[in-house]
Structure formats: structure tokens, C-alpha cells
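Build the full structure now, drawing on both the sequences and the hints.
4 protein chains.
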Amino acid sequence: MFDTVIHSGTVVTASDTFRGDIGIKDGRIAAVAERIEGGTRRIDAGGRLVLPGGIEAHAHIAQESSAGVMTADDYYSGSVSAAFGGNSSFIPFAGQHRGQSVDDVLATYDARAQRSVLDYSYHLIISDPTEAVLHDQLPRAFKRGITSFKVFMTYDLMNLGDGGMLDILTVAKEHGAITMVHAENNDMVKWMNRRLAQQNLTAPKYHAISRPELAEEEAINRAISLAKLVDAPLFIVHVSTAGGAAIVQREKLAGTKLFAETCPQYLALTREDLDRPGMEGAKFMCSPPVRDRATQDALWRHIQSGTFESVSSDHAPYRFDASGKFTAGPDAPYPKIANGMPGIAARLPYLFSEGVAKGRITLQQFVALSATNAAKTFGMTQKGSIAPGMDADIAIWNPDTTRLVTLADQHDNMDFTPFEGMELTGVPEVVLNRGHVIVEDGQLRATEGQGRFVPRATVDLTGKRGYLAKELDPAQNFGARIAP
Amino acid sequence: MFDTVIHSGTVVTASDTFRGDIGIKDGRIAAVAERIEGGTRRIDAGGRLVLPGGIEAHAHIAQESSAGVMTADDYYSGSVSAAFGGNSSFIPFAGQHRGQSVDDVLATYDARAQRSVLDYSYHLIISDPTEAVLHDQLPRAFKRGITSFKVFMTYDLMNLGDGGMLDILTVAKEHGAITMVHAENNDMVKWMNRRLAQQNLTAPKYHAISRPELAEEEAINRAISLAKLVDAPLFIVHVSTAGGAAIVQREKLAGTKLFAETCPQYLALTREDLDRPGMEGAKFMCSPPVRDRATQDALWRHIQSGTFESVSSDHAPYRFDASGKFTAGPDAPYPKIANGMPGIAARLPYLFSEGVAKGRITLQQFVALSATNAAKTFGMTQKGSIAPGMDADIAIWNPDTTRLVTLADQHDNMDFTPFEGMELTGVPEVVLNRGHVIVEDGQLRATEGQGRFVPRATVDLTGKRGYLAKELDPAQNFGARIAP
Amino acid sequence: MFDTVIHSGTVVTASDTFRGDIGIKDGRIAAVAERIEGGTRRIDAGGRLVLPGGIEAHAHIAQESSAGVMTADDYYSGSVSAAFGGNSSFIPFAGQHRGQSVDDVLATYDARAQRSVLDYSYHLIISDPTEAVLHDQLPRAFKRGITSFKVFMTYDLMNLGDGGMLDILTVAKEHGAITMVHAENNDMVKWMNRRLAQQNLTAPKYHAISRPELAEEEAINRAISLAKLVDAPLFIVHVSTAGGAAIVQREKLAGTKLFAETCPQYLALTREDLDRPGMEGAKFMCSPPVRDRATQDALWRHIQSGTFESVSSDHAPYRFDASGKFTAGPDAPYPKIANGMPGIAARLPYLFSEGVAKGRITLQQFVALSATNAAKTFGMTQKGSIAPGMDADIAIWNPDTTRLVTLADQHDNMDFTPFEGMELTGVPEVVLNRGHVIVEDGQLRATEGQGRFVPRATVDLTGKRGYLAKELDPAQNFGARIAP
Amino acid sequence: MFDTVIHSGTVVTASDTFRGDIGIKDGRIAAVAERIEGGTRRIDAGGRLVLPGGIEAHAHIAQESSAGVMTADDYYSGSVSAAFGGNSSFIPFAGQHRGQSVDDVLATYDARAQRSVLDYSYHLIISDPTEAVLHDQLPRAFKRGITSFKVFMTYDLMNLGDGGMLDILTVAKEHGAITMVHAENNDMVKWMNRRLAQQNLTAPKYHAISRPELAEEEAINRAISLAKLVDAPLFIVHVSTAGGAAIVQREKLAGTKLFAETCPQYLALTREDLDRPGMEGAKFMCSPPVRDRATQDALWRHIQSGTFESVSSDHAPYRFDASGKFTAGPDAPYPKIANGMPGIAARLPYLFSEGVAKGRITLQQFVALSATNAAKTFGMTQKGSIAPGMDADIAIWNPDTTRLVTLADQHDNMDFTPFEGMELTGVPEVVLNRGHVIVEDGQLRATEGQGRFVPRATVDLTGKRGYLAKELDPAQNFGARIAP
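Protein sequences appear in the order of chains A, B, C and D.
No gaps in the numbering here: position 12 of the first sequence is 12 in this note's numbering, and each next residue is one more.
No gaps in the numbering here: position 106 of the second sequence is 106 in this note's numbering, and each next residue is one more.
No gaps in the numbering here: position 478 of the third sequence is 478 in this note's numbering, and each next residue is one more.
No gaps in the numbering here: position 145 of the fourth sequence is 145 in this note's numbering, and each next residue is one more.
Hints listed in this document are in silico derivations from the structure and should not be mistaken for laboratory results.
Honestly, I wouldn't trust all of these hints.
Since the list gives no way to pick one copy over another, a pair counts as held whenever it fits inside one copy or between any two copies.
As a list, the in silico DMTMM-like pairs of lysine to aspartate or glutamate whose alpha-carbon atoms are at most 20 Å apart [claimed, not checked]:
| hint | residue 1 | residue 2 |
| --- | --- | --- |
| 1 | Lys-25 | Glu-37 |
| 2 | Lys-190 | Glu-131 |
| 3 | Lys-464 | Asp-297 |
| 4 | Lys-143 | Asp-409 |
| 5 | Lys-143 | Glu-174 |
| 6 | Lys-336 | Glu-64 |
| 7 | Lys-190 | Asp-231 |
| 8 | Lys-464 | Glu-280 |
Laid out in C-alpha cells, this is it:
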């Protein structure tokens, strides 16, 4: 009756842990039970942990940077790497270049995504919010089930300005979409760049200096202010600072419709890593930059106390060669080195090892941070948990195996991993996507292109009280009705 | 194969919502699936919500007050009322009188609990922490699976003093038990009582005046300080103030091993209710007292943001007659009126109606607040969720039915309900305890005494960083090892 | 021996209150004593309060708005009005238009200021921070003793952008100058304007809607972030929101080199005033706009607890006619109405009446808020207190007189006062500037042009710990030395 | 005409700094002026700083501890030591033993104080608040101008309990007196003592362990709660923790009628000092104990931002011999060693050196912290500043002299100083009390007994909004009028 039965596992959801079996039929979980007989195929979990397959909600796949550098990973290699990291689905970005229509953007990415072995959707990056984009193209994308838009507060070619952000937030709110934001103050960064250039300080380590904590903290505060003005939900990506996390926490407690994530690199690395000999430090360049140990501790506390919905990878695979980081030459000054690092395969093993194995978080929190919350926040209603009717996206973890991170284990197209040599406990040994085993025995079992596009629902805001500037309240304020 | 199948429901856990069936065997959930055939008995949920049966973690059942007044509800009527309110198990208090051994206390309550229709455990109230109690009797109780102790900071016959609390907290910590505390400053209350008496202000409404918000806020802060000194987990019961909730929130965010609850009366009633004509106000006397509307709003915000693990009833059923509130006469001054109010049947309908139906909380939060968190906090590992292997404690709710609260619907031994006449949406229509239907069609189906004692595990403190006064840290402080 | 003796007064400084006499010689306070005989002129204070003459640190005098509207008050009428309001000196703005050199700006204002009856300096507004301005002209102005620069975060023709602000802050810091900032988010305001225009909501009351509290709060936070990045002192002008004041308080407590003021209009008026019949509301238009009663209460609490150094007038005298508010016609939409209101004469009487007379602040606080702190913050080292060697800038107040505010009593060139009809207790009856009586018996005694330019020292930052983004700390960060 | 003229000084008040002369007549400051001729005696300040003489508001002089140990300093030696430390007046404690009447207490201390060379008052310690004490004796003491009462929350023979504190606070409030409190949780300390004794940990260093930071923080919070309940002003003495200071700051900002001080030992010493070889650590025992460097930094920040009105010495001179610390023998366990340390001579030199000379505080803050605020808080209206009519209590400081602290320079009856060997910059070279030079050229010039008792006024609460538990508000709460 069942296509596949996973038996003898310790099943974990964001709420529960129980011994039991899972019956899979037509790609969906048909039953979970103390004991399930039969099954065309029976997988013996052997007491290992049976978790919802991870959902990677922050990855750059087959995407050109604003400087025109293409990521090393396409939808095949990227999804394969993610699968080896315990993921069953992902939501890379579909990035609009200025002048490009959203329809073109989506057509481009639809073509690229044909190779994916994971189910996928896109977050749609908007860099050019024309009237046509705002009122015609975005609503059309939304109707396809693309319910999250991303904007940048930094990078000259991406930064929308506060007014542009208000426009996007307003449209997103109208349609029930959530707006994601890369929050760093562009002027601060440019000013720092200028200063550093004047002093001829161009080594990779100065990348960290050029994007100070204040730049992120300020921009997070500003982004939230803009979202509050129009009472729209907001998602702060890759929070890298204690100060930024504290703002997010404060606003969430105050009822703002706010969501946030951090990434393993901010937990694992420090700016000392950018000071490695030669150009080695360029491997550790990402934006916002990695910080220091005190920040790592603070971010863990925020993970524990619920400031972050997710821990995502921000997989941005630029190779350590002329095709990636060094398109401007092997000795390029830091502003000309592509910044970003891979991590889609390392995200969950790192989080499991440092989080669960070290007692910082519970298994329930791991599941929530790795899959369940992303599914809820981004409207993947069929995914992110283990329950009847859900897609059979499952990862079987051996919690006791310890291994060193190697490049080969990342299974991506990269020539380095910033996590190289770290000793991590806990390995995703079997991964299923809609009931298909895609990773097993250290081997890929997936077929290129077996992943499907997932139309997404809107974020659930129950219990978020939201905020509308009291001056804007029409009841008290002269009948003005500002926000749509 | 299954004894009972609940089919066609919308199953809800603290993490998930899905359409499906539940197969029950030998009192446990054996399977949840999209479709389950068979079953000796089939219950048609008809699309209604199928939730974990509630766990009432704060109830006074068959218990004498320190003034010697016996509650109107014994383990039969109390458990029946709880069952009609959507609960499958409960944890009333087993109260030690001064001079009494813990073994005697438990023997007494074991006898009383024979009549229960719900599964049960006890929180053990300690009022006399002698050496024998601390080092002999409490460890023995703990071995039986009684893993929560309660202490009072108020009432002359119950209040342990800060030193006594430190002793209890230390013993509790050694054994993995959690200490619950009724936090009100005893001296403040007594001083207020004296002042009010001098002015001959003795009507029920002055009860609210006599126990000011500051008394709770101060005591909550002090209790947490004591627990931090010895790094022991602490549970603050019936938080009634915005200030107290804010302290709990602050300390939780700081990593203190802290848990808390509030109660429906603090969300539903205000001190104006104590000013109803004649002695009517006595119905609304409880300690800490109900407050005001601003407090209600603040407590809801704290429910939404996770300050409280649970919303409990503090069911303290003293009848509005000479057997209950008025043992000291029908015109007794407020300090001689038994204080406490019933609520074990109203707790979940109130929380569902004001929480879920009004959009303040999600269904997931409702399940967590009503059952899952209590199970985790108090170590009822077999209960509190719907998953294979768990006890089949289930409540089927009709979320759409609206009715007025009546005394008759409470099914307790009381002659009033403080929630009388409120219009509530959402009704628990079928309730199961370990697979037995105990409430159905508005009728009791349970057999007196079918409930069983539940040995409990210890609280899971993963992710709680705890606190040990840094001066006490042996590593840095001269080798002193203070806390055990 | 003394030119003038003020006798029998109750002398008040920011620290002390004492009965005594003041001997004045050559424009300076030569002695304060229990009793001083002689004096060419003897003024009998008759027990009244003898205070330091006020210093008005925020006034627009003989200044064109960025839209080209000239204030109704020039240095004669403006200084006369200020004198009647208990002031002995003031620091209006000298505003740079884009393209204009600072030297031109100062030459223009030097000519205008020839008519002043009060001593004066300028805050130099920078709207065009070219290299020449930054590195040549500003240092030259600074050498003349002009030690405060002002920048705008709003208004298209004034707003510098974050990068421009960083440049100004850096130059200011190098020279010991303090940067003042009008903090409102320009994009938010423009976006609101657009929305309101789309709905044809153009009455004066919509001015308040168009500049929401969030716009100020966000900009205050951003301005502080920019100042912290380069570790430069910052002064937030005319704080109008509780949220903004809370940010200032938090940052001051954290040691940021931060200063701030609020204004009487934010304590006295609400946005309801903008909804008066017809165009009457235009009288109450200023930026940031007046708010509500809750904000008033919060601002008073911040005055009491030291968040604000000063309460200034932001005197911006645009007449209620075609020369002022209505250059764009009598029915102009709010964005075309000049915004700003007079208040230089009302500032201190309002603060005295609502502050001292109503028991909100002490006399010491009044003196500090009205004169001493401004002298210290802006480097008027000879002014702001009553002590030997200081300029004899003195105001004799009758604390018991109550009168209604009338336009005539403002002695300015305006045709309205927003404080019209308020009943205020406390009147500055005699005012001296450098020993000259300039107001007495309700009459002006000053000679046009008797005021002198006051070169100013730099702000004292003792005890301000300041902030330099830790990433920028050269000791720990790879030898980079970013900020000068 | 003047008895004494101090000329050519740099006069400093809490508000101002100016070059000038001071004319003294009949013990009072008759004039301050740019130049004063004449004077029976002329003192050349030679450009040095001329400050208000210090007011020591926390000293144990000729006082028995609750264990019966008498301080080494009587009113002669104590006042002489204070004078050498730059003080002109002081307010030691007059301590009630249980059973003793307040009248007896005051008679005893009046006799002892006859020898003082400084002006003085007493803070009246209440350990036995009988009805007669509360309603007869305290009001009588208050009429004599003794307007401050002190209570203890620790020490078995002193601790009043929360109820006793409410009684005292209520009486103090009725009469306009301020209540001072030593805030440490007595039960916590006793519990720690018991634990340490069980482990035989009795060396002086364990004193620091026995009184954890939590004990102070908890008690400060509780004391404030009690004061708020009855809306009475409160003064927290010798705050030693960052957490305690943060509570004080928070409550002050919220408008509570609250005052506080810290002491030099908490800025200068750490618990490492208690671990010096042999019994040497006993020199550094005081209660609350000294903490660590992080606490020192935090306390300085609180000094800078106004959390503390004063920095006092808590001079508690128990000699390092059998008459003082070792009445229970030379190897007594820490609980039997008298705790307290001298510091009345070192207080101001330490504060000047670490505060002013190191740029942490301004001269104005130094004057406020050393004299002006104490005068205002404790009602010494004739003292604490330099202005006509004030007592001529003056200290001339040489800000440039650096010297090492020696025991001899303390001029007390002690055999050690905890500040021994510290290098301090700034020396009070000449000290006057009511116009008499009492210290000059390193010599005492005072006559035994020249000090006078100073009747004191009540604290000025202008601008303190206070707090009355809202439940107690009679207007809203059923006509109850609780607090007097």
C-alpha cells in the first residue's frame, strides 16, 4: 500500500519526538505510526533521527551578482550540494537587473531551475521598482505563488532608497507577500571605502572594516521603521550583529510583523579569518561581514530565545579564482573581489553540531530553525514537518557520527569551503524529496530536474499585532487613509 | 486492529495542522494518517479540530486551604468538570500542612485521587521544610515521579521565608524537580490589611486593594533572584501583573531557567468586578487579585510573545456559602472570606474564544499553551501532543459553536462561575483520556476512578543557559563550591 | 565703583539660589554679595528672581527658507522680541544656499546682524558640502568662533544624504565643532506627501499626517549612528516625539557624545490645533509637527530626567499672509505653505509657567534649560550664569504675575502667536545685556545694534565617553585608522 | 570689612567655574567677586581650585556595631581625618540599639559629637520601630532637624523586615524625612554563611562570596518597591553592583523619588584584595563587599550619567587588631571579623584623581558629587556651594600635586588604609569650616569641638513625580485612602 516506509526511527517535529514509522505514498506522508508494515521499499532508520528535510531559504544559485559575476553553482550543483546537507527544498533568489521586467526574470530562472533535484521556489529580488513592475508584474508573479520579494539597502546598483522600499512594501502588503531586506547603510559603506582607499588599505581584511556593525544596525532599524509606516511584514536576512539582533528582538516583542534569520558564518567565523596570509582572507569575505566572538555568543542567545525564525546559509558560491572572486585580477583590492561564500551543504550539519550536539538548542528548535519556520514564513504549506498529507521531504540524521568538513563533502562546484576542517557531530545520511531518496550511502540518488516549482501561500500573521503609525490612524486623524 | 479511530478531523499539534485520522490502540495513539480504515469504534470528527486533550496544571482539588476550608470539588467532580472543559489530565496540588510528613500528604491525596476520571499527578506544596522533609521525604516523593514542588511567599501559615525557599530550590535542583512559586510579598499584604482594617474598609472590593501589583512584582523579582543564586529552575504561577510579566520576559531572554503561567481570570475580569453590589464581589476574590483592562492587554501581549508557557485555571472552588467563602459568616470582612474561584471547565473555552477565535493566537499556540508546554515543563512525556506512542488524550473541538457560559455547563460542585454569561466561541465536544471517550454529546461517559497516577520526568532545560552568581563561580572564586 | 547694582534679589543659578546683590562693571558681573552698596544705577529686584539672561539657541532670523520665503523678523525685531522674552543673547542660523560659499553666507549675516540688540552668534547651516566648503571655508568660519554647524536630513534642497553628513561630522570633529541636525526621514515625508496628494488631502491638518513620528524617530537613530561611526558630537534639534527622546536618552546613558533640545510648541500644542477652521490650522504648522498629549507628557518627563539640554523656541516667523505662509496663495495646499511659527518671546515664559510654577522642574533646572546648558554646549563661555567675570546678562523675573499671552506682548513682526490666550505665570520684567538694561517697565530700552558678535569656544566633552565602532579600532583591526 | 578673603582662586560650583575672590564675614560667604580688597586675613589661592568644602554623608563615627565593636574614630579623630580629606561638615550615623529610645540615642551622640571639628548632623538609624519610636520619638527628632532615617535589610539585629520598613517609610514621608537603606538580602547572606561554614570556608576572601551581587540587587529592588507602595522618598546607600545601579537608574528615569550613592572602595578595590596573604584580606572586608573590574567600570558610567547623587566614604574604622576587626581572635572566621574600612580622608582625593584628573567627570560633577548634592538631598541648606549667604565651608585644592596615599596622611585613629600606596593627583591644601581655617600647610588648625550641630531641612522633591501604586489611588479605587 505504501511506496516507501521508513521504520524504526526517532521522528522529530518542531513540537514532538517519538519512536515510529513513516508511510509514504505518492510522494506524500500518508501515515506515521508506531509500526507500519509493508511498503514497496523499506528504509531502516535504525533508531536514527528522522527529521523534516531542510528548507534552505537563502541561496544564490545560477545568479549573476550586480557586478556580473555568475555563481559557480547552478540549479543542479546547488541543489545537489543542498541535498547532501540535509535539505529537500530550497528558495534561491531570482534577481532583477535594472531595466529588466519581472516576467523576463522569472522566465530566465524557470529555465535555469529545470535542472534542480530539489523542489524550489524563488524570492524575487527587485532592483528597479517601476510602475509597471509594481502594479503589473509583481502582482502577476504573486499570482504564480511567488510570495516573497527581496530588496537591498546597499550596493549602488541594487539599493532602492527609502522611497522605493516604501513602494515595494506597500505592494507586498497589498498582496500578502513578505519583503526581505539586506540591511546595510550604503552611504556608510561607501564612505568607509573611500577612506580606506585614501589610505591604500585594500587587503581583504579591510572588507570587514568597510562594513561596520553600525551600518547594519542602522539599516535594520530603518527598514523596520519603513515597514511599520505602512504596516507591512518584513524579513531581515543574514543578521550579523548583536545590535541588529537586539533591535529585531525588541520589535518582535512589541508586536511588529517581523521575521529574521542569521547564518552559520556569523556563528563560526570572525574577522580574524579575513586576515589570513596572502589573499586567503578573500574566502571569508561576505556581506555583511563576519564579526567577532562576542557577536557569535550574542547570536546564539538570540537563536535560543526566538529572535530568529531560521538559520540560513546565504550560499553565494564565488570560486577562489578568476571566474569568481578574482574577476578583477588575483590582487584586486577588496571592493573588486566578489564577496560571498558557499555553505548550502554545511548549514545544517553546523547548526546540528554546534546547536543540538552541544546542548544549545533542542531537537525541536533545530527542526523549527532548519525547516518548519521557513515553511511557515514563506508559505510552503506542504513542507517543513512530518505529518500526514505533507510532502515526504525527510532527512535521516545520524546524531553520533563525527567528521571533519572537507570540500569534497560539500558536493558543490566550489574550490573551497570556509568551514574546512571543522569537526562536526551529526550527519544527514538519507535524504528524501517528495518520497524519492535523493541521497543515500554518501551517494546522490536523484535525477537531474526531478525538483518541482512550489507555489507558495502567504505568511501567517496571526498573533502579530502589527503597527500603523498612530498619526496615520484614520479614525483619529482627519479621515486620512494613507496606507492601502 | 485499532480500538478506536477518529477520522475526518483537522488534527492540530503545537507545530502542525493537517487533515487526517487517528488510530488508537491500548490507550495510545498508534497511528496518524491521511486515512485509517477499521477500528472497533469510529468517531467522525467531521472536519472539526482534533487537539491534544488539555492538561490542567494548576488546580486545587479536595484540598484544605491554610484556613481549613475544603474545596467544593473533590477528585471526582473536579476531574469531571475539567473533562467537560476539554482536559484529559490534570495536576492538582497535594498540600503539606505544617508538621505533616510528605508521606502522609501523599497518602492522603492518593486516597482522594482514587475517584478521578482524568489521569493525574500532584504538585507537592511544601510549607514546612524540615531536614527530614528536605533530605528524606522530598527525594522519596521525587522517586515516585512527583517532580514539581510549590512554595508560597505569602500567607502566614505557608510562607517559607527566603531562606526556606533557598533550601527547597536547592533540593529541587539536586533531583531535577522544578519549584513553583506563588509570588506576593507577605509583609506588604499584611501591612495593607492593617491599614484597611484601621479604616474599617472590609468589603470584598478592598481585597483587591490589599494585594497591590507591587506586591506581586516585588515577589516575582525576589523569587527569581533566589532561584538564580542556586541556579535552580523556577516556575512563576498565576502571573497577574504587567510588571511581573515584564520581569519574567526579561529574565527568560537573559537565559534564566524560568517558566510562567497566567490564568483566564486575569484576562477576563477586573477589580471593578469586586465592587458588585452586596457581597457579590466575593465571587471574584482570588489571590493575586484581578486587575484592570490595561493589564489584560499586557498579559495577552505576553501570551503572544512567549512569556508564558501555559494559561492555567487556578481552579479554587470555594462555594458562595457557609461551606466555602463564608465560613466566617455572610458578612465577613474580606480577609476572612475564602479566596479563589472555579475555572477548570472554563479555562480552555475562554482561551480558545478570546485567543484563537479573535485572532490573538494561532491554533499552534493554543495547543502549546493548553497542553504541550505543560507536558514538557512538568515531565508528562506521554501526554500533550498527538503523535504515535503518546497517550490517546484527545479533545475534539467545534470551533464555530458559540454559547453563553452557564453554571450548569461547568459540571462542578460550585454554585457560581465567575465567567457566567460570557459569550464564547469554540466548544470541546468529545474528550478522550487514554483512548476512552469521557465526554460526548454533552454527557459524561467516564467511570469514576478510571484516571491513573502519572509518574513524571524532569523538566528539559536544553537551551536554558541558567545563571550562577558569578561570585559563586568556583573557578574564579577561591575554590568555593556553594551550590550543590 | 559699580556701574549698576541689582539689589535685594533672589539670585538663581543652575546650582544655587540665594538672596543677594549683583555688582556690574564694564558689562561684566564684578561681584555678587549679600549686600553691595553704591552703583551708578541701583535696580531694586525687590525679592524677585534674578536669573541669567536666556540664551535662545534655535531661531530663524532674517533667513530665507529653502523655498525663498524670508522670515518676518530681522535681527532688530527678532532680538527685541527675544529680549522681551527674557533673553540676553541668541544664536540664529546663518544658512548656506546651494552654490554659495560660507564666506558669502557669513558676510550676508554679519550685515543683517548689525541691527541686533542682543549679543549673537550663528549656527552655520551647510547644504552644499563641497571640498572647498569642507576643507577651506568651514575651518575659516570655525576660526572666527563659529563652532556649530547644522545639517538637514529632510527637504530636497537641504538634505545632505548620509554620506554628506559623515563628511560634515568628520570636519566638525576635527575642529571641535558640534553638528546639529534636523532629523526627519526625507523619503518618508515625500512618500506621504505623494499619497496625500493622490487623495487630494491638502488642508493644513494633513501636514501633521505627512510627517509621522516614525520619520523623526528613524532619522534620530540614523543621525546618531552616523555620528558614532566617526565619534563626533551631535546635537538633535527640536525633538518632537517620545520615541525620539527615548533614543536620545538611551544613547546618552550609553555614553554617546549627544545633546538635544525640545521646544515649547511640542509641550503646548497638538495636531488638533492644525484642524482649526478654515486655514487657521496653518498657524500651527511647523516641522517636525506638533503631536499629541501623550507626547507632551513624555517630553516633560524627558526634560525632568535630563534628556534635553535645552528648551529652545525654533522661532520661524512666517506671517499668516502672502508675505509668509501664503506666498503660494491663500488656499495653498499644505506642502506649499511656509511652515514654522514664532515663539522667541514666549519660550521662557511658557517654560517657567508650565515648568517651575507647576512644580515640574526646579528653578535650577529652568536656568540650566534656558541659559546655562546652551552656553556650555555652544561654547558661550562668558554667558549663561551669574558669577564674577561673566557677562552681565541678567533677567529679573516676577514669578507671581499671571497674564494672558497676547500678540502685542511678543514684540515681533508677526501677525499671530500660536500661544495666544494661554495663561502664564511668571514674567521677565527687567532684562540686561552686558550690563545694559534692554527691557524695563514693559518698554524697550535697547539701542538698535548694541548687540555684539560672540566668538564661541568648543563644546566640553569631559565625561562623555564617546564611541568609535569597535571594528574601526585600529589597535584591534589591522592598523586601519579611519576616522581622523 | 571681611574677616577673611580668599583671593586669586579658580572658584568652582556645581554650575560654574570662574576666577575670583571670596569675602568671608561672620562665618558666611559675604561676597564673591572678581577682586576683593581688604580682609583681616587674606588667603592667596594662587590660581588653585576653590571648591565648596566636602560634605561626608556616610560615616560611622564613635558608633558601636551591632556586634558591639566600637569604631576607632570618635568625633574628634573622625572629623579631623575628614577635614584633611577636604571636608567641612559630615553626617555620621546615630544608631539605635534595640530597646533604646531615640531620645537616648541622640543624647548619647550629642555628647560624643561635642568634640567635632566639623559641623555635623546625624542620620538616625532605626533598628526597633516601636509605636513610641514611630509616633513620638521620631517626630521629635525630626523637629530638631534630623531629617534622615536609616534602616537595614541585613544583619539579624538590625534588619526590620519589610513590614517594619513600610512603617518607617510612612512616618518619614509624613514628616518630610528621607529614609536611607542598606540593601542586602539577609536570608541570602545567612544561607551562604551556612553553606560556607559547612565546607569550612572561613578565610576573609569568603566574605565576598557570602554576600553575592544578587543579594544587593534583590534588596535594592525590594526597598524601592516598598518605598513606592507608600510613595516615600528613598536613598540607597553604598551601591556596589552594576545590577543595583541599573535598577536605581531605571527607577529614577521613571520618576521614582529615589536617591543613591556609591563609595570609592567599589571603584578602587576588587574581591581579589580579600585574597591577600594571611589575614591581610580582612582589611578589605566591608558590606556590601567590593566586586570586580567590570563593576568598577559600570559604576563609573553611572556616576557620569547621574545615577548617583554622591560618592560617600562609608568610613567604618575598625582597626586591624583585637580592638577592631579581631575582637573574636586573630584567626576568627570571616563572619566574626568586624567588617568596614576607613576612607573619610581618602574619599575626595580618590574621586578627584580618578574622576577629574582622568577626565571621567567635570569639576562641576565633582563638586556636585562631593558636596552640593548631599547638601540638597539631606537639607543642609546653608552648605554645599559657594554663594553669598552660604556658610564659608571651602576647600582649596591643588589639582596638580601627585602623591602616594599613606596611613599618616589619613590623620585618623586607624592602623591601615585600604588605599595605601595608590598614586593620586589633587590635594585639598586648605580647608575652612564656617570661615575658620581648619587645615593648612598640612597642619590641623582647628580647635576640638568647634563644629556645630546643623539642623536640616527636608529633601526637595520638585520634579520627582513619585509613585503611588495605582490600585491604591483613592479616586479610582473605592474610596480607600491607604497611605497617609
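Do the hints match the structure? See the list:
Proximity of Lys-25 to Glu-37 under the C-alpha cut-off of 20 Å is found in both arrangements, the shortest distances being 13 Å within a copy and 16 Å between copies. Taking the shortest Cα distances, Lys-190 and Glu-131 sit within 20 Å of each other only across copies (17 Å), while inside one copy they are farther apart (29 Å). Proximity of Lys-464 and Asp-297 under a CA criterion of 20 Å is satisfied inter-copy only: 14 Å between copies versus 28 Å inside one chain copy. Taking CA atoms no more than 20 Å apart as the test, Lys-143 paired with Asp-409 passes in neither setting, with 38 Å inside one copy and 47 Å between copies.
For a Cα distance limit of 20 Å, the shortest separation of Lys-143 from Glu-174 inside one copy, 12 Å, qualifies, whereas the shortest one across copies, 55 Å, does not. For a Cα distance limit of 20 Å, the shortest separation of Lys-336 from Glu-64 inside one copy, 15 Å, qualifies, whereas the shortest one across copies, 45 Å, does not. Taking CA atoms no more than 20 Å apart as the test, Lys-190 paired with Asp-231 passes between copies only; the shortest distance there is 18 Å, against 30 Å inside one copy. Taking the shortest alpha-carbon separations for Lys-464 and Glu-280, neither the intra-copy value of 45 Å nor the inter-copy value of 38 Å comes in at or below 20 Å.
Checked against the numbered hints above, the structure breaks hints 4, 8 and satisfies the rest.
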